[in-house]
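Order-wise, the sequence lines are chains C and G.
Taking my numbering, the leading residue of the first sequence gets 359, the next gets one more, and so forth.
Taking my numbering, the leading residue of the second sequence gets 689, the next gets one more, and so forth.
Please keep in mind that the hints were generated in silico from the structure rather than gathered at the bench.
Each hint should be verified, as a subset may be incorrect.
Unchecked claim - What follows is a list of derived Cβ distance ranges for each label pair:
#: 1; chain 1: C; residue 1: R435; chain 2: G; residue 2: P707; range: 34 to 40 Å
#: 2; chain 1: G; residue 1: R733; chain 2: C; residue 2: A420; range: 47 to 53 Å
#: 3; chain 1: C; residue 1: R377; chain 2: G; residue 2: T1033; range: 26 to 32 Å
#: 4; chain 1: G; residue 1: D899; chain 2: C; residue 2: G428; range: 37 to 43 Å
#: 5; chain 1: C; residue 1: R430; chain 2: G; residue 2: V1019; range: 49 to 55 Å
#: 6; chain 1: G; residue 1: N958; chain 2: C; residue 2: R435; range: 51 to 57 Å
#: 7; chain 1: C; residue 1: T410; chain 2: G; residue 2: G906; range: 17 to 23 Å
#: 8; chain 1: G; residue 1: V1019; chain 2: C; residue 2: R443; range: 43 to 49 Å
#: 9; chain 1: C; residue 1: R435; chain 2: G; residue 2: A761; range: 36 to 42 Å
#: 10; chain 1: C; residue 1: A403; chain 2: G; residue 2: P1041; range: 52 to 58 Å
Each residue gets a CB set at the ideal place from its N, CA and C atoms; glycine is no exception.
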Amino acid sequence: MSRSVISFESRPRLAAKARVRLDRQTGRYVLLYPERGLELNSTAAEIVKLCTGEYSVDDIIARLIATRVGVRADVERDVVDFLDRLGARGLLDTT
Amino acid sequence: MTERVRPYTLVAELTYRCPLRCVYCSNPLDYRRHADELDTAAWMRVLGEAEALGVMQLNLTGGEPLVRHDLEALVERARRLDLYTNLITSGVPLTRARLARLRASGLDSVQLSIQDVRPASADRIAGNPAFAHKLDVARWTKEHGIPLTLNVVLHRENLARVSAMIALAESLECDRLELANTQYLGWALLNRQALLPTREQLDGARKEAADARDRLRGRIEIVFVLPDYYSDVPKACMDGWGRRFLVVSPDGLVLPCHLAHTLPGLAFENVRQRSLDEIWHTSSAFDAFRGESWMPEPCRSCERRAVDFGGCRCQAFHLTGNAAGTDPACVLAPTHGLIESARRTAAEPSTSPPLAYRGPDLARP
């Protein structure tokens, strides 16, 4: 298995094949892509909204830390893990 | 624990008409009895009712959905409902201009079938010289920026070429490659002796797919689906009966899976008479195999019962005559000998029987 391919400087952008919508049954956001769907918790939804190619991974972490109580190391790990999982599914373009 | 059951995916079988005659077609053998197709207005209503029920993914399939002239209108309606729309197609008949119109209407992704990487073998299985055109369709799909899944149905005649299939997917820059072994229902059950592979063939192909999956991770998603006949445990067919999927047949029957209307004794209802919501929540056929109370032993006390939901009801019926039995694919099923015997036949050297092509002539009671 490969190690994390996401660097703190990279600027992830959601791949064109993925679309976010609200699940009206649950009130949660879901990430839809060919024949699959991924339910997003509130943190994941925040991260996905910042995957526009505009923000670096560092920026995303900083934004998340600003809005919650928590340890920086935990937020870093959550963001990188989640972005890695998206990347492994081919759902991110990184520049 | 109460899980509110709602569907996530609508499989809209717009028509059973198809220019191809694949020998493993998963449409029912008596598909001509369902030729009275829903009109555009009915499908428009079905899409809205499905979305209101919780559906977010739409698979437009058939038969060949491209033979419907209202496909663009249906795609446009689906986009307005914020459904993620997959076109599941043979690519015949399709032009570059029509694909552009479908994209402009809001089509999200294309799943294109090819039958093999060797043109003559592909065309033999499809009963139609379509292979070269399919490669054009794949290229146009990428040119229009549409995510492309390539789907290849595997069997004993093409399993040796899985590496070449992966290479083709790479050269076409597919997003996803589905290497899906034939499941032996419908026309494939008729042709089982000609199609069922040996364990050695499968193991080799599976290894090639696994290696490629690691190598291409993040670029091409590679899915390898075993045939139930070699999986030893049943698959979670449709993720469980009436749990996540809704299928609407060309003539409007609402089904938990695309072959459920081949099961006797179940009264499936039609969108022409009742709403999807009513059918999903109150139809007796949808309740027939929901949950666990219908399960026989050994399913009822099995620790996997919430994993595989007892397997495939259609496989149980078409192999044993009992739709409520344990799926014979399971090693614990009392009827598993039927599967073992088919595997033994596959391992014997023999000449392949002639192929029965999908067509209107095969009448079945």
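Hint check:
1. One distance hint, 34 to 40 Å for the beta-carbon pair C/R435 and G/P707, is violated here, with the actual separation near 53 Å.
2. The hint said 47 to 53 Å for the Cβ distance between G/R733 and C/A420, and at roughly 48 Å that hint holds.
3. Distance hint for C/R377 and G/T1033: a CB-CB separation of about 46 Å, inconsistent with the stated range 26 to 32 Å.
4. Our hint of 37 to 43 Å for G/D899 and C/G428 holds, since their Cβ atoms are close to 40 Å apart.
5. In this structure, C/R430 and G/V1019 meet the distance hint of 49 to 55 Å, their C-beta atoms being roughly 50 Å apart.
6. Roughly 52 Å separates the CB atoms of G/N958 and C/R435, a value that falls within the hinted 51 to 57 Å.
7. One distance hint, 17 to 23 Å for the beta-carbon pair C/T410 and G/G906, holds here, with the actual separation near 19 Å.
8. In this structure the hint that G/V1019 and C/R443 lie 43 to 49 Å apart at CB is violated, the actual value being about 33 Å.
9. Between C/R435 and G/A761 the C-beta distance comes to about 47 Å, which lies outside the given range of 36 to 42 Å.
10. With their beta carbons about 55 Å apart, C/A403 and G/P1041 fall inside the hinted range of 52 to 58 Å.
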